[in-house]
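**Student:** Protein chains in written order, with the numbering used here: chain A, 1 to 394; chain B, 1 to 329.
There's no promise every hint is true.
Not everything, but these chain A residues come out facing chain B in the computed CB check (under 7 Å) [claimed, not checked]:
1. Pro266
2. Ala308
3. Trp320
4. Val333
5. Phe341
6. Ala346
7. Asp373
Simulated pairs of lysine to aspartate or glutamate, DMTMM-like, Cα-Cα distance not exceeding 25 Å [as the list claims (entries may be wrong)]:
8. B:Lys59 with A:Asp297
9. A:Lys103 with B:Glu216
10. B:Lys59 with A:Glu273
11. B:Lys59 with A:Glu281
12. A:Lys103 with B:Glu224
Honestly, the hints are just simulated from the structure, not real lab data.
For each residue, glycine too, the CB sits at the ideal point set by N, CA and C.
Each chain, letter by letter, is given below.
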Amino acid sequence: MRAEVGLAATGDLVERLAGHQVIVCCGSGGVGKTTVSAALGVAIAAARDTPVLVLTIDPARRLATALGLGSIGTRPVTIPPARLRRAGVAPRGELAAAMLDAKSEWDRLVERHARSPQVRDRILANRFYQGISTAFAGSQEYVALEAVYDLHASGRYGCIVVDTPPSRSALDFLEAPDRLTDFVSARLLAWLAGPSRIGLRAMGFAATPFLRMADRLLGGEVLEELGAFVRDVEGLYEGVRPRAAAMYDLLRSPKTAFTIVTTLDPQPFAEAEFFCAKLREYSIPLRAVVVNRVLPDSLLEPGAVAAATTLAGDPGVAAWMSAELDEPVPPPVPRRLGQAFLALHALAARQVAQVGRLGGLGRVPVVRLPLADREISDLESLGQLARWLLDGVG
Amino acid sequence: MADLGRYGARGDVIESLLARRILFVTGKGGTGKTTIAAALALVAAASGRRVLCVDVDAKGDLARAFGAQPMGFEPRLVQTGVSALALLPEESLQEYLRIFFKLPRFARLTPLVRVLDFVAIGVPGTREMLTIGKIAYEERRREGERPAWDVIVVDGAATGHMLPQLQAARSMMDLTRGGMIHSQTEWVDRTLTDPQRTLLAICALPEEMPVVEAIELHDRARAEAHVAVGVCFLNATFPVPVTASDTAVLERLAAAHAPAAAARLGGDVRPVLEGAAIARRLHDDDRRQAGRLRARLGIPVLEVPRQFGTRPGLETTRAVAAALMTSPA
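Okay, chain A solo, but in the shape it has when bound (with noise of 0.2 Å):
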C-alpha cells in the first residue's frame, strides 16, 4: 500500500476542497459515507474560519445524537464550540449539521410552487401525493438538491457538506433534476390532463388500445382522479424547472466539489469506478477520493506473515511459548492469534490489489483512512478521523 497516488498528505486534501462552497460526497452504502461527510465537515471547520454545515441523509442514531440532531427536520443545528474542544478540535469556523427530511422538503416545493393555496391544498390532501412524494426513483435525491440549493443561496455558510443518500450508483443524484422535469413534462402528464379524458374518448382516443388496457387494468376511476391529480401537480412546473436548471449549474460550476468515499473492498470499489465514469459523463470534475477503513501495511510484512504461520499451525509452538513466558499458554491461544492475522493479511492483500486501480479514478489526490480502533459513533472518534484528514494517518 506504499505506492502512492495523488497527493501524500492529507491535509493538503482538506485544504482543497475547502476552497469549494459546496462538497458532495458520493458513494456505495456501507462504505462509511455519512462518517467521512461528517468528519470532513469537523476538519474544514478546523481548518477555515467560514460556517461550516454538513447535510446528512440517514445518519446512524448514535452518529446523529453525537451531531446534536434530535427531531427531524432540515433545521441546522449549530454544535458548540466548547463539544468540539473536548473532542479533540479546534474549530475556527462554527460548524451546524443537518438531517435532511425528504417529506416535509416536498411539503415545501408544493407550498413554493403551487399557483394558488387551493391548489397547494388540494396536492397536499391528494392520496397520490404521498406515493409521489416519497416512492417516485430519485425523489430524495431531487429535495436534497432543493436543501443544498436554498441553504447554498441563503448564504448562510461558506460550505455545505453533503452526504448524498444511499443510493445504489449515486447516480440519480445527477439525474434528479433531470428525472423530474421529466416527471412533470412527460407528454403522457399532458395526456393524462388533458382538459377531460371524456372529452379524449369522445374524439376517438378511447380506440387505442392502450387507454383501453389502462383503464381495464387499473379502472376508470383510478385514471380520472390521477388525471386531475395531476393537473395540479402540472402548475408546479413553472417553478421547478428554472430552479432544477439552476440547481443543475450549481452541481456543475466549479463551486461544486464532488468528493468519492470509498473502501477497498471489489464491491464498492466497482461502484465508485461506475461513478467515476457517469461523472466524466456529466462532464462534472471529480475532486478527491477518501478511500476508508484501510488495513494496515504491516499485515503485508513477509515476516509477520511467517511469524503468524508458525502461531497457527505449529504444534509444538504452544509448549514454546510456556517455557519462554513462565506461564501456561494452551495451544488455541497461538492458534487464534496467528489464524486471525492470517485472515486480516489475506483482505489486506485484497486491498493492496485493488490500490493499483484507484489511479483509474482521475488524477485527484486520494486520501486513505485507516480502519479506526472502533466504530465511529461519537463526537470523540469523529474527531480522531478529522484529524487524520488534516494532518494525515500516523
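Given chain A, work out where chain B should sit, using these hints.
**Tutor:** Positioned in the frame of chain A, the structure of chain B alone reads:
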C-alpha cells in the same frame, strides 16, 4: 415462529426456511443479500429440491453469484437443481398481461409501459405488483402433478423497497377498486401473509446502520406487511474470536522476548500483535451487534463468517453455502 427454535441447530433453521414456498432475502445495500440468496438456493438444491432464484432488481448481481451469464425473464438452469430468472420491467408487463388477462403479446409495449410507469409513480404498488405477480405465478405453476418449484428464493429489493413490494397486493386492493388488477391481488396477498408459505430473511452486517435497519424492517414487516420474518443473517463476521488475554500473551512475548520469538517463529511478532488488536475490534463489533439482534428479534440470528481469499462470484457463493450448513465452533 415456534418451529424455528431460537437455539436450534443451524441446519434445522435453514431446513425450516427452505421448507417454505417463497423466501424473500433482503437487507441494506452492501449486506451481501445476493450472495446469501444464491447460497440458500445452492443449499436447497443440495437437498434435492428444485429451486427457482429470482433477481428482483435485474442488475446482474445474482447471475454473477452463480457464475452465470445475465439472466432473462424465463427461468434458466444456472446450477444443478437451481434455475434463475431476472425481472425485467417491460417483459414483466408483457408476461403479466398475457398470463392474467389473456392479452396477446404486443410487438411494442413502450407506450403502455410509460403509462404504467407513470401510474406506478402515482399508485404505490403497481410496479411492485408486477414483480410480486410473477413470483406468485411461478409459485402456483405446476409441472404435471407437482409444483414446478419446491422453493423460490427471491434476491429481494434493498430494505427501503422491500415493504412496498410485500404490501403491493394490499395497496393495489385499496387503490384500484374497479380495475382487473384488483381481482388478481387477493390470492397474492394470501400467499405472502401465510407464514407456512412465505418468510422473509433479513441480512445485516455487524455495524450500526445495517443492524438498525434490520430491526426496523423486522418490526415493520410484521406490523405493516403482515409477512413473517424467519431469520436474520449477520453476515461477514470475523471468523477468529481473539480475546483480550490472547493479546496480552502476545504482548508479553513481544515486549520481553522479541529476539527469541523472531528466531522461533520465523519473523517479527509485532505486526501480529497489531493484527490481533484489529481482530479484537472486529470480533467485539460482531458480539455487540449479534447480541443486540438476538435481544431484540425473536427469531434465529445466524452468523455468516466473512469469506477470505475466495474470488467474488460462484466461489464465494459456494463458500457461504458451506458456512450456512456448518455450525460455528
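**Student:** Compare the structure with each hint and give your call.
**Tutor:** Consistency of the hints with the structure:
Satisfaction of the interface hint for Pro266 (chain A) is found here, the shortest Cβ-Cβ separation to chain B being roughly 5 Å, below the 7 Å cut-off. The restraint placing Ala308 (chain A) at the interface with chain B holds, with a minimum CB-CB distance near 5 Å, inside the 7 Å limit. Hint status for Trp320 (chain A): holds, given a least beta-carbon distance of 6 Å to chain B, under 7 Å. The closest approach between the C-beta of Val333 (chain A) and any C-beta of chain B is roughly 5 Å, which is under the 7 Å cut-off, so the hint is satisfied.
For Phe341 (chain A), the shortest C-beta to C-beta distance to chain B is roughly 4 Å, which falls under 7 Å, so the interface hint holds. Because the smallest distance between the Cβ of Ala346 (chain A) and any Cβ of chain B comes to about 4 Å, under 7 Å, the interface hint for this residue holds. Restraint check, Asp373 (chain A) versus chain B: the minimum CB separation of about 6 Å is within 7 Å; hint holds. Annotation: proposed proximity of Lys59 (chain B) to Asp297 (chain A) is violated, straight-line Cα distance about 35 Å (limit 25 Å).
A hinted pair counts as satisfied when its Cα atoms are at most 25 Å apart, and Lys103 (chain A) with Glu216 (chain B) qualifies at roughly 19 Å. With a C-alpha separation of about 16 Å, the suggested pair Lys59 (chain B) and Glu273 (chain A) falls inside the 25 Å cut-off, and the hint holds. Simply put, Lys59 (chain B) and Glu281 (chain A) have alpha-carbon atoms about 20 Å apart, close enough for the 25 Å limit, and the pair holds. For the hint pairing Lys103 (chain A) with Glu224 (chain B), the CA-to-CA distance comes to about 20 Å; that is within 25 Å, so the pair holds.
Hint 8 alone, counting from the list given before, is not met by this structure.
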